[in-house]
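K.L.:
If you want the building blocks of each chain, they are given just below.
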Amino acid sequence: MNEFSNALALSSSGLKAQATRLRHVSENIANADTPGYHRKAVSFEAVRGAGETTAVEVGKTRLDKAELERIHDPSHPMADTTGYYNGSNVDLIIEIADAREAQRSYEANLKMFDQARQMSSSLMDLLRR
Amino acid sequence: MFQNLSIFKMAHAMATHAGTRQAVVAQNVANADTPGYAARDITPFHDLVSSGPRVAGQVATRDGHLHGQMSGAQADVFNRDGALSDPNGNSVSLELEMLHSVATKRQHDRALAIYKSSMTILRTSLGKR
Numbered sequence: 009m010n011e012f013s014n015a016l017a018l019s020s021s022g023l024k025a026q027a028t029r030l031r032h033v034s035e036n037i038a039n040a041d042t043p044g045y046h047r048k049a050v051s052f053e054a055v056r057g058a059g060e061t062t063a064v065e066v067g068k069t070r071l072d073k074a075e076l077e078r079i080h081d082p083s084h085p086m087a088d089t090t091g092y093y094n095g096s097n098v099d100l101i102i103e104i105a106d107a108r109e110a111q112r113s114y115e116a117n118l119k120m121f122d123q124a125r126q127m128s129s130s131l132m133d134l135l136r137r
Numbered sequence: 258m259f260q261n262l263s264i265f266k267m268a269h270a271m272a273t274h275a276g277t278r279q280a281v282v283a284q285n286v287a288n289a290d291t292p293g294y295a296a297r298d299i300t301p302f303h304d305l306v307s308s309g310p311r312v313a314g315q316v317a318t319r320d321g322h323l324h325g326q327m328s329g330a331q332a333d334v335f336n337r338d339g340a341l342s343d344p345n346g347n348s349v350s351l352e353l354e355m356l357h358s359v360a361t362k363r364q365h366d367r368a369l370a371i372y373k374s375s376m377t378i379l380r381t382s383l384g385k386r
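Sequence order for the protein chains is X and Y. Residues in the first sequence are numbered consecutively from 9, following the working numbering. Residues in the second sequence are numbered consecutively from 258, following the working numbering.
No wet-lab data here; the hints were simulated from the structure. Glycine residues also receive a C-beta, built at the ideal position from the N, C-alpha and C atoms. Do not take every clue at face value.
Under 8 angstroms between C-beta atoms, here's a sample of chain X residues computed to sit facing chain Y [what the hints assert, rightly or not]:
hint, residue
1, ASN14
2, ALA15
3, HIS84
4, PRO85
5, ALA87
6, MET127
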């Protein structure tokens with residue numbers, strides 16, 4: 009029974025990590041046109057869970073140090089003397105790919121959670137007879 | 258069958274093994290995107306009970322035997338080798354983990370079915386439905 013609660017705890021740590029990642033992706037997409045916005049990136053770290061298990065946790069959020077996009081628009085209020093202003097360094101293609109990957113991993117974790125739950129409930133069914 | 262109920266012990270060991278393996282698979286899936294994580298697995302159940310692969314080693318068929326208990330709860334966790342790893346050092350393949358988790362679920366269901374039907378035989382012999 010302890011193994012099942014371990015499995016459920018591990019799956020939920022995975023779900024939580026992927027959900028955080030997905031949230032950061034949507035933050036990035038929402039700010040794709042915000043001048044001066046640096047995209048946020050999260051890293052996953054293996055941490056010690058209950059017993060001998062290795063759970064996953066989201067590490068520190070980092071800002072992407074890549075160059076900001078220079079956009080030419082002399083009529084923009086933030087434009088400098090050359091007519092350029094700093095956009096964001098969000099690349100939508102990267103964000104969409106990241107979101108897809110996060111979704112896939114989320115679904116896999118959800119499936120593992122459901123599987124462990126089914127196994128423990130069929131164990132419970134033995135007692136019901 | 259009625260002297261020491263070894264079939265129940267075997268079914269119990271099989272279900273316990275399936276639970277442990279499910280936790281390991283859940284751990285792999287949770288860490289599917291963690292850099293540097295190596296996929297893990299535990300000793301298959303048939304290696305724990307059968308005498309086939311172990312030519313030189315002794316096999317415990319009873320709790321009092323030298324090699325400890327027959328219930329194969331002492332499955333070793335090891336890093337699964339031979340898997341190609343991602344550039345970030347992660348060697349988890351979600352497809353493979355799905356396969357393992359389904360195999361584990363089937364093993365668990367099989368163990369419970371054996372337990373249940375043995376229980377039915379016992380109940381019938383006692384004259385209760």
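K.L.:
Hint by hint, say whether it matches the structure.
P.N.:
Each hint tested on the structure:
{"no.": "1", "hint": "ASN14", "result": "holds (4 angstroms)"}
{"no.": "2", "hint": "ALA15", "result": "holds (4 angstroms)"}
{"no.": "3", "hint": "HIS84", "result": "violated (38 angstroms)"}
{"no.": "4", "hint": "PRO85", "result": "violated (40 angstroms)"}
{"no.": "5", "hint": "ALA87", "result": "violated (40 angstroms)"}
{"no.": "6", "hint": "MET127", "result": "holds (5 angstroms)"}
In this structure, the hints that do not hold are numbers 3, 4 and 5, in rising order.
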